[in-house]
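Enquirer: Sequence:
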Amino acid sequence: MDPIVLPKLRLLRAIAVTAKLGQTRAAADALHLTQPAVTQAIARLEATLETPLFTRSPSGVYPTDSGLRLVTRIDRAFDHLAVAERLFPPEGRRGAGWLRDVLTLVQARAFVQTVRAGSLTLAAQGLGVSQPSINRAVRELELLVGRDLFDRTPRGMEPTREARALVRPIALALTEIEQGVQEVREQRGMMDGAVTVGCLPLARTRILPQAVLALLGDFPDARLRIVDGAYADLLDDLRHGGIDFILGALRQPVPTPEIEQEELFREPLSIIVRRGHPILTLAAPSPADLAALDWIVAAPGAPARQQFEDFFHRAGLAVPRRLIECGSLIATRSLMLGSDRATVLSARQVSHDVATGQLAVLPVPLPETDRPIGLATRKGWQPTRLQAALLDCIRASAAAPG
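Letter 311 of the sequence shown, counting from 1, is numbered 311 in full-length UniProt numbering, and no numbers are missing.
Treat the hints as calculated values from the structure; they're not laboratory data.
Treat the hints with care, since some could be wrong.
Label-pair restraints from in silico Cβ distances [to be verified]:
no.	residue 1	residue 2	range
1	128	400	36 to 42 Å
2	162	190	35 to 41 Å
3	36	392	43 to 49 Å
4	151	260	33 to 39 Å
5	86	338	54 to 60 Å
6	192	294	45 to 51 Å
Don't be surprised by glycine CBs; every beta carbon is placed ideally from N, CA and C.
Can you make the complete structure from the sequences, with help from the hints?
Expert: Below is the structure:
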(Lines of atoms letter the chains of each structure in order from A and count residues from 1; the text may use other names and numbers.)
(Lines give C-alpha, C1' and ligand atoms only; values in the text may rest on other atoms or scores of the structure.)
Protein backbone atom coordinates (compact mmCIF):
# COMPACT_ATOMS: atom_id res chain seq x y z
CA MET A 1 0.00 0.00 0.00
CA ASP A 2 1.42 3.40 -1.00
CA PRO A 3 1.72 6.02 1.77
CA ILE A 4 -1.43 8.10 2.19
CA VAL A 5 -1.02 11.89 2.11
CA LEU A 6 -3.24 13.26 4.87
CA PRO A 7 -4.46 16.79 5.60
CA LYS A 8 -3.01 18.78 8.46
CA LEU A 9 -4.06 17.64 11.92
CA ARG A 10 -6.22 20.72 12.34
CA LEU A 11 -8.10 19.90 9.15
CA LEU A 12 -8.54 16.28 10.24
CA ARG A 13 -10.13 17.66 13.38
CA ALA A 14 -12.36 19.84 11.21
CA ILE A 15 -13.56 16.74 9.38
CA ALA A 16 -14.52 15.15 12.70
CA VAL A 17 -16.30 18.32 13.86
CA THR A 18 -18.17 18.47 10.54
CA ALA A 19 -19.49 14.97 11.20
CA LYS A 20 -20.80 16.08 14.60
CA LEU A 21 -22.32 19.39 13.53
CA GLY A 22 -23.53 18.33 10.10
CA GLN A 23 -22.28 21.48 8.39
CA THR A 24 -18.89 22.55 7.10
CA ARG A 25 -19.60 26.20 7.93
CA ALA A 26 -20.38 25.36 11.56
CA ALA A 27 -17.21 23.27 11.80
CA ALA A 28 -15.16 26.06 10.26
CA ASP A 29 -16.58 28.62 12.70
CA ALA A 30 -15.95 26.33 15.68
CA LEU A 31 -12.28 25.90 14.76
CA HIS A 32 -11.66 29.42 13.39
CA LEU A 33 -11.10 28.14 9.87
CA THR A 34 -12.65 29.17 6.57
CA GLN A 35 -15.45 27.10 5.13
CA PRO A 36 -13.57 26.58 1.83
CA ALA A 37 -10.59 25.16 3.76
CA VAL A 38 -12.81 22.58 5.45
CA THR A 39 -14.70 21.75 2.26
CA GLN A 40 -11.48 21.33 0.29
CA ALA A 41 -9.91 19.17 3.02
CA ILE A 42 -12.87 16.79 2.90
CA ALA A 43 -12.84 16.66 -0.90
CA ARG A 44 -9.10 16.04 -1.09
CA LEU A 45 -9.20 13.29 1.51
CA GLU A 46 -12.12 11.62 -0.25
CA ALA A 47 -10.13 11.73 -3.49
CA THR A 48 -7.04 10.33 -1.78
CA LEU A 49 -8.97 7.50 -0.14
CA GLU A 50 -11.10 7.01 -3.25
CA THR A 51 -14.28 6.80 -1.19
CA PRO A 52 -16.99 9.24 -0.06
CA LEU A 53 -16.74 10.20 3.60
CA PHE A 54 -19.93 12.31 3.62
CA THR A 55 -23.25 12.41 1.82
CA ARG A 56 -24.37 15.91 0.84
CA SER A 57 -27.92 17.22 1.03
CA PRO A 58 -29.59 20.65 1.28
CA SER A 59 -29.94 20.14 5.02
CA GLY A 60 -26.26 19.38 5.62
CA VAL A 61 -23.51 16.79 5.29
CA TYR A 62 -23.63 13.41 6.99
CA PRO A 63 -20.85 10.84 7.42
CA THR A 64 -20.97 7.59 5.47
CA ASP A 65 -20.02 4.30 7.15
CA SER A 66 -16.43 4.89 6.06
CA GLY A 67 -16.64 8.46 7.31
CA LEU A 68 -17.89 7.33 10.71
CA ARG A 69 -15.00 4.89 11.05
CA LEU A 70 -12.46 7.54 10.20
CA VAL A 71 -14.09 10.14 12.45
CA THR A 72 -14.05 7.69 15.37
CA ARG A 73 -10.32 7.23 14.89
CA ILE A 74 -9.73 10.97 14.55
CA ASP A 75 -11.61 11.56 17.82
CA ARG A 76 -9.51 8.90 19.56
CA ALA A 77 -6.35 10.49 18.18
CA PHE A 78 -7.32 13.91 19.52
CA ASP A 79 -8.17 12.37 22.89
CA HIS A 80 -4.53 11.23 23.05
CA LEU A 81 -3.33 14.70 22.06
CA ALA A 82 -5.45 16.16 24.87
CA VAL A 83 -3.51 13.91 27.24
CA ALA A 84 -0.28 15.29 25.76
CA GLU A 85 -1.46 18.86 26.39
CA ARG A 86 -2.11 18.15 30.06
CA LEU A 87 1.52 17.11 30.54
CA PHE A 88 2.55 20.76 30.36
CA PRO A 89 1.13 23.41 32.70
CA PRO A 90 -0.68 26.38 31.14
CA GLU A 91 1.69 29.18 30.22
CA GLY A 92 0.98 32.60 28.76
CA ARG A 93 -1.83 32.38 26.24
CA ARG A 94 -2.12 28.63 26.26
CA GLY A 95 -5.68 27.44 26.41
CA ALA A 96 -7.55 24.29 25.57
CA GLY A 97 -6.35 22.84 22.30
CA TRP A 98 -3.03 24.70 22.25
CA LEU A 99 -1.22 21.60 21.01
CA ARG A 100 -4.03 20.02 18.99
CA ASP A 101 -4.62 23.20 17.01
CA VAL A 102 -0.97 23.77 16.06
CA LEU A 103 0.85 20.42 15.98
CA THR A 104 1.47 19.07 12.48
CA LEU A 105 1.74 15.49 11.30
CA VAL A 106 5.31 16.22 10.16
CA GLN A 107 6.28 17.39 13.65
CA ALA A 108 4.54 14.47 15.33
CA ARG A 109 6.16 11.85 13.10
CA ALA A 110 9.61 13.44 13.35
CA PHE A 111 9.42 13.61 17.14
CA VAL A 112 8.23 10.02 17.60
CA GLN A 113 10.79 8.62 15.17
CA THR A 114 13.63 10.57 16.78
CA VAL A 115 12.72 9.27 20.24
CA ARG A 116 12.60 5.71 18.91
CA ALA A 117 15.78 5.96 16.86
CA GLY A 118 17.84 8.09 19.23
CA SER A 119 19.41 9.85 16.27
CA LEU A 120 18.37 12.44 13.71
CA THR A 121 20.14 10.48 10.98
CA LEU A 122 18.36 7.23 11.81
CA ALA A 123 15.05 9.04 12.23
CA ALA A 124 15.45 10.59 8.79
CA GLN A 125 16.25 7.20 7.28
CA GLY A 126 13.23 5.67 8.98
CA LEU A 127 10.88 8.30 7.55
CA GLY A 128 12.60 8.61 4.19
CA VAL A 129 13.25 12.34 4.52
CA SER A 130 16.30 14.56 4.96
CA GLN A 131 18.01 15.04 8.30
CA PRO A 132 17.58 18.84 8.20
CA SER A 133 13.82 18.43 7.81
CA ILE A 134 13.71 16.14 10.85
CA ASN A 135 15.80 18.57 12.88
CA ARG A 136 13.59 21.49 11.84
CA ALA A 137 10.38 19.66 12.77
CA VAL A 138 11.77 18.65 16.17
CA ARG A 139 12.90 22.24 16.84
CA GLU A 140 9.45 23.53 15.94
CA LEU A 141 7.85 21.16 18.44
CA GLU A 142 10.31 22.23 21.13
CA LEU A 143 9.36 25.86 20.52
CA LEU A 144 5.71 24.90 20.67
CA VAL A 145 5.98 23.22 24.08
CA GLY A 146 8.45 25.81 25.34
CA ARG A 147 11.32 23.55 26.36
CA ASP A 148 14.05 21.27 25.03
CA LEU A 149 12.85 17.73 24.39
CA PHE A 150 16.28 16.24 23.65
CA ASP A 151 19.77 16.47 25.05
CA ARG A 152 22.09 16.72 22.05
CA THR A 153 25.12 14.55 22.84
CA PRO A 154 27.96 13.02 20.78
CA ARG A 155 26.09 9.71 21.08
CA GLY A 156 22.91 11.08 19.58
CA MET A 157 19.59 12.56 20.68
CA GLU A 158 18.77 11.62 24.26
CA PRO A 159 15.07 12.24 25.08
CA THR A 160 14.43 14.31 28.19
CA ARG A 161 12.00 13.25 30.88
CA GLU A 162 9.35 15.47 29.29
CA ALA A 163 9.94 13.89 25.88
CA ARG A 164 9.56 10.38 27.26
CA ALA A 165 6.20 11.36 28.72
CA LEU A 166 5.08 13.22 25.59
CA VAL A 167 5.99 10.55 23.06
CA ARG A 168 3.37 8.01 24.13
CA PRO A 169 0.20 10.07 23.55
CA ILE A 170 1.57 11.51 20.31
CA ALA A 171 2.59 8.07 19.04
CA LEU A 172 -0.81 6.63 19.93
CA ALA A 173 -2.53 9.52 18.14
CA LEU A 174 -0.57 8.72 14.99
CA THR A 175 -1.47 5.05 15.33
CA GLU A 176 -5.18 5.87 15.54
CA ILE A 177 -5.02 8.01 12.40
CA GLU A 178 -3.15 5.30 10.48
CA GLN A 179 -5.68 2.69 11.56
CA GLY A 180 -8.53 4.98 10.56
CA VAL A 181 -7.14 5.10 7.03
CA GLN A 182 -6.73 1.33 7.12
CA GLU A 183 -10.35 0.85 8.15
CA VAL A 184 -11.59 3.02 5.28
CA ARG A 185 -9.61 0.84 2.87
CA GLU A 186 -11.05 -2.27 4.50
CA GLN A 187 -14.53 -0.91 3.84
CA ARG A 188 -13.59 -0.92 0.16
CA GLY A 189 -12.43 -4.55 0.39
CA MET A 190 -8.73 -3.64 0.35
CA MET A 191 -7.26 -5.90 3.03
CA ASP A 192 -3.70 -4.71 2.52
CA GLY A 193 -3.13 -3.14 5.91
CA ALA A 194 -0.34 -3.81 8.36
CA VAL A 195 -0.31 -5.83 11.57
CA THR A 196 2.70 -5.83 13.89
CA VAL A 197 2.99 -8.64 16.44
CA GLY A 198 5.39 -8.84 19.35
CA CYS A 199 6.14 -12.54 19.77
CA LEU A 200 7.65 -14.26 22.81
CA PRO A 201 9.48 -17.60 22.55
CA LEU A 202 6.72 -20.15 23.13
CA ALA A 203 4.51 -18.83 20.32
CA ARG A 204 7.24 -18.58 17.69
CA THR A 205 7.48 -22.22 16.70
CA ARG A 206 3.87 -23.18 16.01
CA ILE A 207 1.05 -20.92 17.21
CA LEU A 208 1.98 -17.70 15.41
CA PRO A 209 3.30 -19.29 12.18
CA GLN A 210 0.11 -21.32 11.79
CA ALA A 211 -2.03 -18.26 12.48
CA VAL A 212 -0.11 -16.12 9.99
CA LEU A 213 -0.44 -18.72 7.23
CA ALA A 214 -4.16 -19.04 7.95
CA LEU A 215 -4.61 -15.25 7.76
CA LEU A 216 -2.67 -14.98 4.50
CA GLY A 217 -4.82 -17.73 3.06
CA ASP A 218 -7.79 -15.39 3.42
CA PHE A 219 -6.03 -12.04 2.95
CA PRO A 220 -2.88 -12.55 0.85
CA ASP A 221 -2.19 -8.81 0.58
CA ALA A 222 -1.92 -8.32 4.34
CA ARG A 223 1.40 -6.91 5.50
CA LEU A 224 2.68 -8.65 8.62
CA ARG A 225 5.62 -7.73 10.81
CA ILE A 226 6.75 -10.08 13.56
CA VAL A 227 9.00 -8.62 16.24
CA ASP A 228 10.79 -10.73 18.81
CA GLY A 229 12.82 -9.52 21.73
CA ALA A 230 12.88 -9.18 25.48
CA TYR A 231 9.48 -8.75 27.13
CA ALA A 232 10.37 -5.32 28.51
CA ASP A 233 11.23 -4.04 25.03
CA LEU A 234 8.06 -5.49 23.50
CA LEU A 235 5.96 -4.02 26.31
CA ASP A 236 7.44 -0.58 25.70
CA ASP A 237 6.68 -0.89 21.98
CA LEU A 238 3.13 -2.00 22.76
CA ARG A 239 2.51 0.92 25.12
CA HIS A 240 3.72 3.38 22.49
CA GLY A 241 1.84 1.91 19.54
CA GLY A 242 4.90 0.42 17.85
CA ILE A 243 3.31 -3.03 17.90
CA ASP A 244 -0.35 -4.04 17.99
CA PHE A 245 -0.21 -6.85 20.56
CA ILE A 246 2.12 -9.31 22.28
CA LEU A 247 1.70 -13.08 22.03
CA GLY A 248 3.37 -15.30 24.62
CA ALA A 249 3.68 -15.95 28.32
CA LEU A 250 1.51 -13.55 30.31
CA ARG A 251 2.83 -11.65 33.31
CA GLN A 252 1.23 -11.95 36.73
CA PRO A 253 0.33 -9.43 37.92
CA VAL A 254 -0.30 -7.35 34.81
CA PRO A 255 2.79 -5.12 34.60
CA THR A 256 0.96 -1.83 33.94
CA PRO A 257 -2.66 -0.65 34.12
CA GLU A 258 -2.38 0.43 30.46
CA ILE A 259 -2.32 -3.23 29.36
CA GLU A 260 -5.01 -5.94 29.21
CA GLN A 261 -4.28 -9.67 29.01
CA GLU A 262 -6.28 -12.54 27.51
CA GLU A 263 -5.33 -16.08 28.50
CA LEU A 264 -5.50 -18.61 25.66
CA PHE A 265 -4.21 -21.74 27.42
CA ARG A 266 -1.85 -22.89 30.15
CA GLU A 267 1.37 -24.70 29.41
CA PRO A 268 3.65 -26.54 31.86
CA LEU A 269 7.42 -26.44 31.61
CA SER A 270 9.53 -29.50 30.91
CA ILE A 271 13.22 -30.28 31.34
CA ILE A 272 14.87 -30.68 27.95
CA VAL A 273 18.25 -32.30 27.23
CA ARG A 274 20.06 -33.64 24.18
CA ARG A 275 19.69 -37.21 23.02
CA GLY A 276 22.21 -39.41 24.83
CA HIS A 277 22.54 -37.07 27.82
CA PRO A 278 23.93 -39.02 30.82
CA ILE A 279 20.98 -38.08 33.02
CA LEU A 280 18.67 -40.06 30.72
CA THR A 281 20.22 -43.23 32.16
CA LEU A 282 18.58 -42.48 35.51
CA ALA A 283 15.08 -43.92 35.87
CA ALA A 284 13.92 -41.15 38.20
CA PRO A 285 16.34 -38.21 38.48
CA SER A 286 16.08 -36.46 41.82
CA PRO A 287 16.15 -32.70 42.42
CA ALA A 288 19.71 -33.17 43.66
CA ASP A 289 20.65 -34.84 40.36
CA LEU A 290 19.17 -31.88 38.51
CA ALA A 291 20.94 -29.38 40.75
CA ALA A 292 24.26 -30.90 39.68
CA LEU A 293 23.63 -30.07 36.02
CA ASP A 294 24.72 -27.00 34.08
CA TRP A 295 21.75 -25.06 32.71
CA ILE A 296 20.54 -22.67 30.05
CA VAL A 297 17.89 -20.39 31.51
CA ALA A 298 15.73 -17.38 30.71
CA ALA A 299 16.66 -13.91 31.90
CA PRO A 300 15.76 -12.79 35.44
CA GLY A 301 12.15 -11.64 35.62
CA ALA A 302 10.91 -14.05 32.96
CA PRO A 303 8.22 -16.48 34.22
CA ALA A 304 10.28 -19.51 33.16
CA ARG A 305 13.28 -18.25 35.15
CA GLN A 306 11.20 -17.71 38.27
CA GLN A 307 9.68 -21.19 38.00
CA PHE A 308 13.13 -22.73 37.45
CA GLU A 309 14.38 -21.15 40.67
CA ASP A 310 11.19 -22.01 42.57
CA PHE A 311 11.61 -25.71 41.69
CA PHE A 312 14.92 -25.90 43.55
CA HIS A 313 13.74 -23.71 46.42
CA ARG A 314 10.79 -26.07 47.02
CA ALA A 315 13.24 -28.97 47.14
CA GLY A 316 15.33 -27.14 49.75
CA LEU A 317 18.26 -26.83 47.34
CA ALA A 318 20.35 -23.93 46.16
CA VAL A 319 19.70 -22.77 42.63
CA PRO A 320 22.45 -24.05 40.29
CA ARG A 321 25.13 -21.46 39.61
CA ARG A 322 26.54 -22.60 36.27
CA LEU A 323 23.97 -20.83 34.15
CA ILE A 324 23.86 -19.39 30.66
CA GLU A 325 21.11 -16.81 30.27
CA CYS A 326 19.65 -17.04 26.79
CA GLY A 327 16.42 -15.82 25.21
CA SER A 328 17.04 -17.37 21.79
CA LEU A 329 15.57 -20.80 21.12
CA ILE A 330 18.01 -21.30 18.24
CA ALA A 331 21.02 -20.57 20.45
CA THR A 332 19.59 -22.65 23.31
CA ARG A 333 19.11 -25.61 20.97
CA SER A 334 22.67 -25.36 19.64
CA LEU A 335 24.11 -25.12 23.15
CA MET A 336 22.20 -28.22 24.25
CA LEU A 337 23.18 -30.27 21.20
CA GLY A 338 26.83 -29.44 21.79
CA SER A 339 26.99 -30.01 25.54
CA ASP A 340 25.41 -31.68 28.55
CA ARG A 341 23.51 -28.57 29.56
CA ALA A 342 19.79 -28.79 30.28
CA THR A 343 17.04 -26.21 29.96
CA VAL A 344 13.41 -25.68 30.93
CA LEU A 345 11.03 -25.03 28.07
CA SER A 346 7.56 -25.87 26.95
CA ALA A 347 7.63 -29.23 25.18
CA ARG A 348 5.73 -27.52 22.33
CA GLN A 349 8.75 -25.37 21.57
CA VAL A 350 10.94 -28.37 20.75
CA SER A 351 8.33 -30.87 19.57
CA HIS A 352 10.01 -31.30 16.17
CA ASP A 353 13.44 -31.96 17.70
CA VAL A 354 11.91 -34.43 20.16
CA ALA A 355 10.06 -36.19 17.34
CA THR A 356 13.26 -36.51 15.29
CA GLY A 357 15.25 -37.76 18.28
CA GLN A 358 17.66 -34.85 18.63
CA LEU A 359 16.30 -33.68 21.97
CA ALA A 360 14.50 -35.47 24.78
CA VAL A 361 12.03 -34.50 27.48
CA LEU A 362 13.23 -35.65 30.88
CA PRO A 363 10.51 -37.70 32.66
CA VAL A 364 10.51 -35.40 35.67
CA PRO A 365 7.26 -33.56 36.42
CA LEU A 366 7.62 -29.88 37.28
CA PRO A 367 4.65 -29.14 39.53
CA GLU A 368 3.26 -25.63 39.68
CA THR A 369 4.94 -24.56 36.44
CA ASP A 370 1.78 -24.08 34.39
CA ARG A 371 2.16 -20.70 32.71
CA PRO A 372 -0.69 -18.69 31.22
CA ILE A 373 -0.05 -18.11 27.52
CA GLY A 374 -2.02 -15.47 25.71
CA LEU A 375 -2.35 -11.98 24.31
CA ALA A 376 -1.44 -8.59 25.74
CA THR A 377 -3.08 -5.52 24.21
CA ARG A 378 -3.41 -1.85 25.05
CA LYS A 379 -6.43 -1.12 27.24
CA GLY A 380 -9.21 0.27 25.09
CA TRP A 381 -7.52 -0.81 21.85
CA GLN A 382 -9.88 -1.19 18.90
CA PRO A 383 -8.45 -3.59 16.30
CA THR A 384 -9.03 -3.12 12.61
CA ARG A 385 -10.79 -5.90 10.75
CA LEU A 386 -7.43 -7.33 9.65
CA GLN A 387 -5.98 -7.20 13.16
CA ALA A 388 -9.12 -8.85 14.55
CA ALA A 389 -8.86 -11.58 11.90
CA LEU A 390 -5.28 -12.38 12.95
CA LEU A 391 -6.36 -12.51 16.60
CA ASP A 392 -9.05 -15.04 15.65
CA CYS A 393 -6.48 -17.11 13.75
CA ILE A 394 -4.19 -17.06 16.79
CA ARG A 395 -7.01 -18.20 19.07
CA ALA A 396 -7.80 -21.06 16.70
CA SER A 397 -4.13 -22.05 16.46
CA ALA A 398 -3.74 -21.98 20.24
CA ALA A 399 -6.82 -24.19 20.68
CA ALA A 400 -5.60 -26.80 18.19
CA PRO A 401 -3.89 -29.91 19.63
CA GLY A 402 -0.16 -30.31 19.31
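Enquirer: Determine for every hint whether it applies to the structure shown.
Expert: Against the structure, the hints:
no., hint, in the structure
1, 128 to 400: 36 to 42 Å, "holds, 41 Å"
2, 162 to 190: 35 to 41 Å, "holds, 39 Å"
3, 36 to 392: 43 to 49 Å, "holds, 45 Å"
4, 151 to 260: 33 to 39 Å, "holds, 34 Å"
5, 86 to 338: 54 to 60 Å, "holds, 56 Å"
6, 192 to 294: 45 to 51 Å, "holds, 49 Å"
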